[in-house]
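Q: The chain contents come next:
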Amino acid sequence: MAIILITGGARSGKSRRAEVRVCAFSGQPFYIATAEALDKEMGERIARHRARRGKEWIEREVPLDLVQALVETDGRGARLVDCLTLWLSNLLHAERNWLQEASLLADVLARQRSPVIMVTNEVGLGIVPDNALARAFRDAAGILNQTIASVADEVELVVAGLPMKLK
Amino acid sequence: MAIILITGGARSGKSRRAEVRVCAFSGQPFYIATAEALDKEMGERIARHRARRGKEWIEREVPLDLVQALVETDGRGARLVDCLTLWLSNLLHAERNWLQEASLLADVLARQRSPVIMVTNEVGLGIVPDNALARAFRDAAGILNQTIASVADEVELVVAGLPMKLK
Amino acid sequence: MAIILITGGARSGKSRRAEVRVCAFSGQPFYIATAEALDKEMGERIARHRARRGKEWIEREVPLDLVQALVETDGRGARLVDCLTLWLSNLLHAERNWLQEASLLADVLARQRSPVIMVTNEVGLGIVPDNALARAFRDAAGILNQTIASVADEVELVVAGLPMKLK
Chain A
1 MAIILITGGA RSGKSRRAEV RVCAFSGQPF YIATAEALDK EMGERIARHR ARRGKEWIER
61 EVPLDLVQAL VETDGRGARL VDCLTLWLSN LLHAERNWLQ EASLLADVLA RQRSPVIMVT
121 NEVGLGIVPD NALARAFRDA AGILNQTIAS VADEVELVVA GLPMKLK
Chain B
1001 MAIILITGGA RSGKSRRAEV RVCAFSGQPF YIATAEALDK EMGERIARHR ARRGKEWIER
1061 EVPLDLVQAL VETDGRGARL VDCLTLWLSN LLHAERNWLQ EASLLADVLA RQRSPVIMVT
1121 NEVGLGIVPD NALARAFRDA AGILNQTIAS VADEVELVVA GLPMKLK
Chain C
2001 MAIILITGGA RSGKSRRAEV RVCAFSGQPF YIATAEALDK EMGERIARHR ARRGKEWIER
2061 EVPLDLVQAL VETDGRGARL VDCLTLWLSN LLHAERNWLQ EASLLADVLA RQRSPVIMVT
2121 NEVGLGIVPD NALARAFRDA AGILNQTIAS VADEVELVVA GLPMKLK
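Which chain is which? The protein sequence lines are A, B and C, in order. First residue of the first sequence? That's 1 in my numbering, and the numbers climb one at a time after it. First residue of the second sequence? That's 1001 in my numbering, and the numbers climb one at a time after it. First residue of the third sequence? That's 2001 in my numbering, and the numbers climb one at a time after it.
Hints in this document: simulated from the structure, not taken from any laboratory. Just so you know, not all the hints are guaranteed correct.
[Unchecked claim] Between beta-carbon pairs, the in silico distance windows are:
id : chain 1 : residue 1 : chain 2 : residue 2 : range
1  : B       : 1002      : A       : 20        : 53 to 63 Å
2  : B       : 1095      : A       : 40        : 27 to 37 Å
3  : C       : 2028      : B       : 1027      : 50 to 60 Å
4  : C       : 2059      : A       : 165       : 31 to 41 Å
The beta-carbon is built from N, C-alpha and C at its ideal position, and this holds for glycine as well.
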């Protein structure tokens, strides 16, 4: 089945592109949000995305157990995971082994029967961050993106709302 | 008429690429600079760009009223707008409604008779900035780029001086 | 002969891609490292790259005299230079004239008989850095990349481990 990774910068139109890709599959779409509405800024962003998608989507907040959520929802409609970068951030915050989780995710994706469309972020194209934590995060994000891209059937880079095919 | 958006990172060769695109159109080229020479660093950059372009260009400094400048100069030669990101920064600094201005710009672009070639910046592919103002700016820049890209006839991403066709 | 530039963000898979490109040429590959193991973080990264490459490579640490190293090693196997951004950083730190060195490198590349595969970084796609030194570095890196890309036979942008052809 189709495993699709949509990557890009902040506000590049990644989520919207991912929604377009999901809606091309038949069946009721499933939205797996890795974001939690912990502050006002994030709460507003979640509300905006929800308003745009409309009410036909099934929603589920999955800050950490993404692998389990994909296993449980497989065999029904297409899943949109938004986004892997935030999932990584949540794993690091919870002191989970992100590298092991990334590897497990790659394994599980290879066995899915229903489509999975994942949004992720490019965070490594600026100046090297001053602090070691930010450097560690961008290294981890880069490795996660490479790992998932290697098992994906399609990978797109979105710039200014426009997709470029990487794979 | 041709509406062309050239995007890319800092020092990626965007301005030079935009100049090449402008010069492919007949007639005297019109340069609309959104930069003001407020400090030495910016003054030097403006001088360098001017020296490279040569003297056949008509120049105009337009820090804020870009929409009006495009309306006024339409029907003559091609216009090069360098750059949208700085225009956005000026609008925010002047406490103008940037979202409304962006929408107005998109409307006006759709009705232009002479070519408009615009330079903009990708600023959202690094680590999430620490301060809220920088985050707000990169969000606004991403939305502005999507808005203008959606009405453009052509969009190019420039990396290391080399253009990639996005649209 | 083949002059190839591989660019991309942090942890995008640039080095691995460059190794793949080098190994397509016959003869013993030559590894020119611009990194010095000055701290633990860098020492670990160097060790990881070395373990991945295997032992058939000839290695040489060249923090500054890259041009000379290319001249000396020409006529033997393919050279992998990893990476230009760090070389630039070393030149700036040593107060060498980086612009002159970049220009000299471009001249020397044009005359090489054996392949040269170079890794570099995109650092200009984030928010404008606060401090002037970081801004100067990202400007220099952008100009260096443009200079080398202009004399390269091939240029690739690597995102999530996947190469996009720029030239």
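Q: Now look at each hint and say whether the structure bears it out.
A: Against the structure, the hints come out as follows:
1. B:1002 x A:20: 53 to 63 Å: violated (27 Å)
2. B:1095 x A:40: 27 to 37 Å: The hinted range 27 to 37 Å is violated for residue 1095 (chain B) and residue 40 (chain A), with Cβ atoms some 21 Å apart.
3. C:2028 x B:1027: 50 to 60 Å: holds (57 Å)
4. C:2059 x A:165: 31 to 41 Å: holds (36 Å)
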